[in-house]
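Please put together the full structure from these sequences, using the hints given.
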Amino acid sequence: MDISNQQRISRWYFGGVASSMAAMVTHPLDLMKVLIQTNTEKMSIMDTTRKIVKEQGVLALYNGISASILRQYTYTLARFGFYTVGAGLVDTKPMSTKVLLAGMSGYVGGLIGAPADLVNVRLQNDVKLPLDQRRNYAHAIDGLVRVVKEEGWPSLFNGASMCAIRGAFMTVGQIAFYEQSKDVLIASGFAQRMDTYIIASIISAIAATALTQPIDVIKTRQMNSKAGEYKGLTDVILKTAVEGPSAFFKGSIPAMTRLGPHTVLLFLSLEFLRTNFGKLPESK
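The sequence shown maps to residues 1 to 284 in our numbering.
Please keep in mind that the hints were generated in silico from the structure rather than gathered at the bench. Certain hints may be false.
Unchecked claim - Here are the simulated SDA-like cross-link-like pairs (lysine to any residue), alpha carbons at most 20 Å apart as the crow flies:
1) Lys93 - Arg146
2) Lys93 - Leu280
3) Lys51 - Glu150
As the list claims (entries may be wrong) - For each label pair, taking beta carbons as the anchor points, the in silico distance ranges come out as:
4) Val90 - Glu55: 48 to 56 Å
5) Arg193 - Glu151: 46 to 54 Å
6) Trp153 - Lys279: 35 to 43 Å
7) Ile141 - Leu100: 18 to 26 Å
8) Phe277 - Pro245: 44 to 52 Å
Note that CB positions come from ideal geometry on N, CA and C, so glycine has one too.
Written out as structure tokens, the structure is:
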């Protein structure tokens, strides 16, 4: 093993690249998660998949992929980028520092990625709506332009506060728990290789899902709402609560089914980019 490769550190934009690679594989699972969260009927991931494929064909499973990729190059690139830059300025060995830096990075990334996230949710949700109720955005950029024209530019940030909060918790779950788990595993004698990265990424996926699922449900409903449907964030929470506590965890199984593989692929891709194209730390 080339020790110098293991010493390499990620470049600030590797997170966005790695996440877009993972999104190409896991997008159908993300689509199912959004459909289940916005549906008032109880349908399993398999039932939802069969319904969409039967009515609209297999390609409908990739509805909104352009917005998903745009989201990776805004939201994910920003949060991983800020964390990577920050890790070069502060000591991230303590878990508390990892959590603080990840939370701040995720919050900023959530704000930056809110418009892409809004269009992503709407494009995905279109497949379950009657033809006369669909927004029919041609692609992500068309969606952004139409939101500005039809609803005003502030609408691009509808649900941005929830995006930021979710981004903070997601980044703590993913980056902080991944880095800490990897550090513990390596300190315990595990080598820096694929199986170590997979174990650490599974731990981080479980943590991220547990931390973000209630936030994700509220964010998705707020972003997908029509004008006047909700009076504000509190109204979204109260109307969701009427459906019972389990409503806040709607889509947990598809969320983990999607986030697990996505997180594993993301960090495997990130480690590949780091060891092959990363930069060596500057000598002090």
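Sort out which numbered hints this structure fails and list those numbers smallest first.
-> 1, 3, 7
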